[in-house]
Amino acid sequence: MIGRGESLAVAPSIALPRSPRVSRFTLVRVLWRSFFFQAATNYQRMQNVGFAYSMIPALTELYRGEDLKRAMARHLLFFNSHPYMADALLGATVRLEEDVAAGKLPPERVTAFKAAMMGPMAAIGDSFFYASLKPFAAALAVAGIVSDVLWAPIVFLVLYNMFHLGLRCYGLAAGYNMGERVFEKLYQIDLVQFSDRSHYMAAICIGVSGALMVDHAAHLPGAFGSGLELILLLALTLICFQCLKRRITMPWLLYGFSVLSIVLIGVLNTFFPLIE
Amino acid sequence: MLESVSPLARDLIAVTAIGGTLALDRRAAFQLMVSQPLVVIPILGLFLGNLPTALWLGALVQLLWMSSLLVGASVPPNETLSSLVIGGAALLFGRHVGPIDLPVMALCILLGAPVSLLGRLIDIQVDRENLALAHRADLAAAAGTPGVISRLPLIGLFRTFVAEAGLVAAGTSIAFFVVRAVHPALPPPLIRALDVIALYLVPALGLAVAMTTVRRRRALALAGIAFVVVVSGLRYLEVQ
Numbered sequence: 000m001i002g003r004g005e006s007l008a009v010a011p012s013i014a015l016p017r018s019p020r021v022s023r024f025t026l027v028r029v030l031w032r033s034f035f036f037q038a039a040t041n042y043q044r045m046q047n048v049g050f051a052y053s054m055i056p057a058l059t060e061l062y063r064g065e066d067l068k069r070a071m072a073r074h075l076l077f078f079n080s081h082p083y084m085a086d087a088l089l090g091a092t093v094r095l096e097e098d099v100a101a102g103k104l105p106p107e108r109v110t111a112f113k114a115a116m117m118g119p120m121a122a123i124g125d126s127f128f129y130a131s132l133k134p135f136a137a138a139l140a141v142a143g144i145v146s147d148v149l150w151a152p153i154v155f156l157v158l159y160n161m162f163h164l165g166l167r168c169y170g171l172a173a174g175y176n177m178g179e180r181v182f183e184k185l186y187q188i189d190l191v192q193f194s195d196r197s198h199y200m201a202a203i204c205i206g207v208s209g210a211l212m213v214d215h216a217a218h219l220p221g222a223f224g225s226g227l228e229l230i231l232l233l234a235l236t237l238i239c240f241q242c243l244k245r246r247i248t249m250p251w252l253l254y255g256f257s258v259l260s261i262v263l264i265g266v267l268n269t270f271f272p273l274i275e
Numbered sequence: 000m001l002e003s004v005s006p007l008a009r010d011l012i013a014v015t016a017i018g019g020t021l022a023l024d025r026r027a028a029f030q031l032m033v034s035q036p037l038v039v040i041p042i043l044g045l046f047l048g049n050l051p052t053a054l055w056l057g058a059l060v061q062l063l064w065m066s067s068l069l070v071g072a073s074v075p076p077n078e079t080l081s082s083l084v085i086g087g088a089a090l091l092f093g094r095h096v097g098p099i100d101l102p103v104m105a106l107c108i109l110l111g112a113p114v115s116l117l118g119r120l121i122d123i124q125v126d127r128e129n130l131a132l133a134h135r136a137d138l139a140a141a142a143g144t145p146g147v148i149s150r151l152p153l154i155g156l157f158r159t160f161v162a163e164a165g166l167v168a169a170g171t172s173i174a175f176f177v178v179r180a181v182h183p184a185l186p187p188p189l190i191r192a193l194d195v196i197a198l199y200l201v202p203a204l205g206l207a208v209a210m211t212t213v214r215r216r217r218a219l220a221l222a223g224i225a226f227v228v229v230v231s232g233l234r235y236l237e238v239q
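Listed in order, the protein sequences are those of chains A and B.
Residue 109 in numbering that gives the first Met the number 0 sits at position 110 of the first sequence; the count goes up by one each step and never skips.
Residue 201 in numbering that gives the first Met the number 0 sits at position 202 of the second sequence; the count goes up by one each step and never skips.
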């Protein structure tokens, strides 16, 4: 079997035809497979199996025989990026593979592109999706739940996935259309500015949630009453916040303060046996 | 076949199956965020017939693990498995024993929180086991058999499902039976302490964790202003 790239290489005198193109259906298959990008994540080469798995529909369309073996092998090298942003890289890599198959680019260009782009893409994805969008969407939904909005988790899912699925589809298409210049295209969306704003919106939601939790606590049978819940919740929140900033982890605080509460209430009960 | 199984066992099997499937979303497949505490516990609540409590519990647990981020090569505590155990144990208690009061919630949270650390160990072990899949992929590439590589993520998914569903089943069963055994024997001061934990400590700690995810100093001031405005508004409405 001769790969398309190979057939062009043996006929250099003929003007290079248009690169072999993968079909639109193949790109959809690449997109679908990218949802399982991290299913076989491993310590040594991280998401390499996921990347090769996602690329296979395109590779089998572009190559045959030894070319296919070499193409699969070059996508099994170390790869670690953000799973959502990987779609942009997948799209761009498919485009590059088309050029490699046409003999326009050396195969090393594909591996060099992936190695150069996975880090910056991961940084954008981590800071936008995990450090900004997720806390904001979750804080909004928590505020909804404490306000008795039953469908708040659906709001969380819709808000998050609107960006998530949108960027995955757009990233793959932009990557395929722009090739190596995909980063420029994604940079134009200005995710950094949205990230910045989402922190402010998340903060408002957290403040509102706190206030509603105080109100909720005040109306439950176990409440102390007399406005004490406001002081208690506020003081505990600030103490916990300071402890967390000093790198004391959440489980330590949970168990530490729980033991403290039990001891304190036990002692209080000994001296003031008002608690029945 | 399931008719011969007791209702409790049937519910436990359902929690395991739903939990194991939803847990895949956290890293292995899709990442649609249906594995977040805010979503998994209400889904269990829908199935076990107690959505309002599940929503409240989901919100509290979500706040506690708000800062847990799957960034880069780090393997953080698995908040999904912890949420499934907390939610599963509490909701099973509500369905088969009695009402889910504040001490039950507090006990479930205290018993379920360490599961996140066990979940991390499982994630690390699965990553180690998956190394064999990477070697198989190399062999498949050398042999020119893309079909073999296409099957490898399925093996990874199955491995993750078995490991995580197993932990959900074991964790939920242990937490449920401990709460069922301990709850009726709790002395009044301890009940009061658990009330305080569920009503004040967990929300306060959750809010503090959520505040650490806000990376702008001015935004924290905004959180304070929002808090004061809403508290004042609610107090005003109450007085009126």
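Hint data in this document are derived by calculation from the structure and do not stem from the laboratory.
Treat the hints with caution; some may be incorrect.
As the list claims (entries may be wrong) - SDA-like, lysine to any residue: derived pairs with alpha carbons at most 25 Å apart: (1) A:68 <-> B:141; (2) A:184 <-> A:158; (3) A:68 <-> B:147; (4) A:68 <-> B:138; (5) A:244 <-> B:45; (6) A:244 <-> B:113; (7) A:244 <-> B:216; (8) A:103 <-> A:125; (9) A:184 <-> A:214; (10) A:103 <-> A:121; (11) A:103 <-> A:60; (12) A:244 <-> B:141; (13) A:184 <-> B:147; (14) A:244 <-> B:29; (15) A:244 <-> B:227.
To be verified - Computed footprint of chain B on chain A; a stretch qualifies when at least three of its residues, placed anywhere within it, have a C-beta under 8 Å from a C-beta of chain B: (16) 40-49; (17) 65-75; (18) 98-104; (19) 168-181; (20) 211-217.
For each residue, glycine too, the CB sits at the ideal point set by N, CA and C.
Violated hints, by number in ascending order, as checked against the structure: Numbers 5, 8, 9, 10, 12, 13, 14, 18 and 19, in rising order.
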